[in-house]
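Asks: Using the sequences and the hints given, assemble the complete structure.
Here is how the chains run, residue by residue.
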Amino acid sequence: MFSKAVSYEVLWHSAAYQAVDASQRWIVVAMQQYGHELVTMLWRILGNEQDVCDAYQTIFLRLAYLEDSRRPQWVKAYLFRTASNVAITVLRERQVEKKTLSAMSRMDEPQVVERDFDARHLAESLRRHVAQLPEHLRNVITLRDFGGLSYSEVARILGISSGTARVYRCKAVQLLALWMNKEECQ
Amino acid sequence: MRLLRFRDKTDSCEGGSATSRCKRIRQHLMDSASRRFGPEASWVQKHVASCPRCQRRLAAMARVDLGLSTIKSQPHSLDLLMRANSAAVRMLNHRLREAARDRRLEEARPEPRLVEKYAAYRAAVMNVAACIAILFLTKAGIFSSFDKARSGGQAVMKQYYTAQAGEDLAGEVFKS
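Here the protein sequences line up with chains A and B, keeping their order.
So the first sequence is numbered by our numbering: it starts at 1 and just counts up by one.
So the second sequence is numbered by our numbering: it starts at 1 and just counts up by one.
Check each hint, because a few of them may be wrong.
Below are the DSS-like pairs computed for lysine-lysine, each with C-alpha atoms no more than 30 Å apart in a straight line [said to hold, decoys possible]:
| # | chain 1 | residue 1 | chain 2 | residue 2 |
| --- | --- | --- | --- | --- |
| 1 | A | K182 | A | K171 |
| 2 | B | K148 | B | K117 |
| 3 | A | K171 | B | K72 |
| 4 | A | K171 | B | K23 |
| 5 | B | K158 | B | K117 |
| 6 | A | K98 | B | K72 |
| 7 | A | K76 | B | K175 |
| 8 | A | K76 | B | K72 |
| 9 | B | K158 | A | K171 |
| 10 | A | K171 | A | K99 |
| 11 | B | K175 | B | K158 |
| 12 | B | K46 | A | K182 |
| 13 | B | K148 | B | K158 |
| 14 | A | K99 | A | K182 |
| 15 | A | K99 | B | K72 |
| 16 | A | K171 | A | K98 |
| 17 | A | K182 | A | K98 |
| 18 | B | K72 | A | K182 |
| 19 | A | K171 | A | K76 |
Here are some, though not all, of the chain A residues that point toward chain B, as calculated from beta-carbon distances under 7 Å [claimed, not checked]:
| # | residue |
| --- | --- |
| 20 | G35 |
| 21 | H36 |
| 22 | V39 |
| 23 | W43 |
| 24 | R44 |
| 25 | Q57 |
| 26 | F60 |
| 27 | A119 |
| 28 | A123 |
| 29 | G163 |
| 30 | L176 |
| 31 | N181 |
| 32 | C185 |
Hints were generated in silico from the structure; no laboratory data involved.
All C-beta atoms, glycine included, are put in the ideal place defined by N, C-alpha and C.
Replies: Structure below.
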């Protein structure tokens with residue numbers, strides 16, 4: 001079963017490699033190398049499969065159409081930073097849409113929203129607050145907790161020291177805790 | 001003194017072994033710091049047990065940790081990577097084709113009509129066409145037919161004048 005899955009994957013990648021223009025084949029290689037980690041990170045940030053596919057496409061299109069068609073020096077860093085930014089943009093858009101829709105439904109008929117503690121509510125609330133974090137804190141949280149990268153990798157990608165990355169994460173968690181606590185009290 | 005000795009030791013380290021040693025020491029320092037000053041430290045626990053404000057803070061931070069773990073543990077469908085990859089490759093191909101077309105459109109200029117394009121050669125073309133027409137008409141014998149018809153007509157007219165006005169007058173009119 002596993003070998004079958006692996007062979008399908010190999011087949012898919014070779015087909016994709018052939019399908020893409022020769023000048024863009026390095027993108028397929030990057031997709032093959034970092035695709036799994038990127039999809040996992042996007043899924044954790046967005047929590048919606050269609051949004052994940054859209055954001056994933058956007059990331060690789062940006063990579064393919066970089067200014068002067070140059071290949072970035074460190075592809076992984078570029079991909080993860082772009083993924084973080086794109087995902088947060090998509091997340092904010094969805095939140096605005098949700099807000100508008102909920103406002104409209106509230107105008108139509110008053111509904112009582114149950115705010116029971118459940119995993120989904122908690123995850124949604126956390127995502128919403130992560131999108132509101134200042135950029136330097138948000139980058140660390142997304143790369144470290146959603147992207148699953150080590151502190152040294154996060155530090156290298158963001159161009160900061162490993163210690164600074166730890167401090168930023170700590171601050172981000174404190175801020176998230178404060179906001180979530182406030183929301184809970186309201 | 002101890003610090004100095006430690007520094008001497010680390011300075012004397014070289015290459016990969018030094019890096020791994022540094023890493024180990026750093027890790028050890030962090031572990032001991034979190035043991036002594038982290039939320040699990042006994043003096044922190046003692047304080048938290050009696051301070052409602054810290055209890056609230058710790059609970060909120062635990063909630064964030066729980067949220068992060070929940071997000072991490074939520075599985076996505078197995079074929080999500082495959083779908084995302086396929087869509088991205090499709091989009092890349094599509095955009096490449098579109099890009100070629102876009103480039104053509106970017107470079108496109110208004111093309112002149114055929115008549116405007118060859119206006120300079122119009123007179124020459126007309127002359128050639130006229131020559132070809134004359135040649136064709138000559139070849140078809142149309143000019144000789146015209147001559148025949150004219151001479152035939154003249155003969156008929158001469159005959160008419162001879163009958164009506166006399167041979168002398170007809171001879172004078174049709175002298176040639």
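Asks: For K148(B) and K117(B), compute the direct alpha-carbon distance and say whether it is at most 30 Å.
Replies: violated, 45 Å
Asks: Compare the distance between the alpha carbons of K171(A) and K76(A) with 30 Å, and conclude whether the hinted pair is satisfied.
Replies: holds, 26 Å
Asks: Is the shortest C-beta separation between A123(A) and chain B less than 7 Å?
Replies: holds, 5 Å
Asks: Does W43(A) hold up as a contact with chain B if the rule is Cβ-Cβ below 7 Å?
Replies: Interface hint status for W43(A): holds (5 Å vs cutoff 7 Å).
Asks: Can the restraint linking K175(B) and K158(B) be considered satisfied, given a maximum Cα separation of 30 Å?
Replies: holds, 10 Å
Asks: Does the alpha-carbon distance linking K182(A) and K171(A) stay inside the 30 Å limit?
Replies: holds, 17 Å
Asks: If you draw a straight line from the CA of K76(A) to the CA of K175(B), is it 30 Å or shorter?
Replies: violated, 109 Å
Asks: Mind checking the alpha carbons of K158(B) and K171(A) for me, to see if they're no more than 30 Å apart?
Replies: violated, 127 Å
Asks: Starting from K76(A), check that the Cα of K72(B) is at most 30 Å away, please.
Replies: holds, 21 Å
Asks: Would you mind confirming whether the straight-line C-alpha gap from K46(B) to K182(A) stays at or under 30 Å?
Replies: holds, 26 Å
Asks: Would you settle whether the hint for A119(A) is holds or violated, based on the nearest Cβ-Cβ distance to chain B being less than 7 Å?
Replies: holds, 5 Å
Asks: Measuring from the C-beta of V39(A) to each C-beta in chain B, is the shortest one below 7 Å?
Replies: With a closest approach of 5 Å, the V39(A) hint holds.
Comparing the model with each earlier hint shows violations of hints 2, 5, 7, 9, 29, 32; every other hint is respected.
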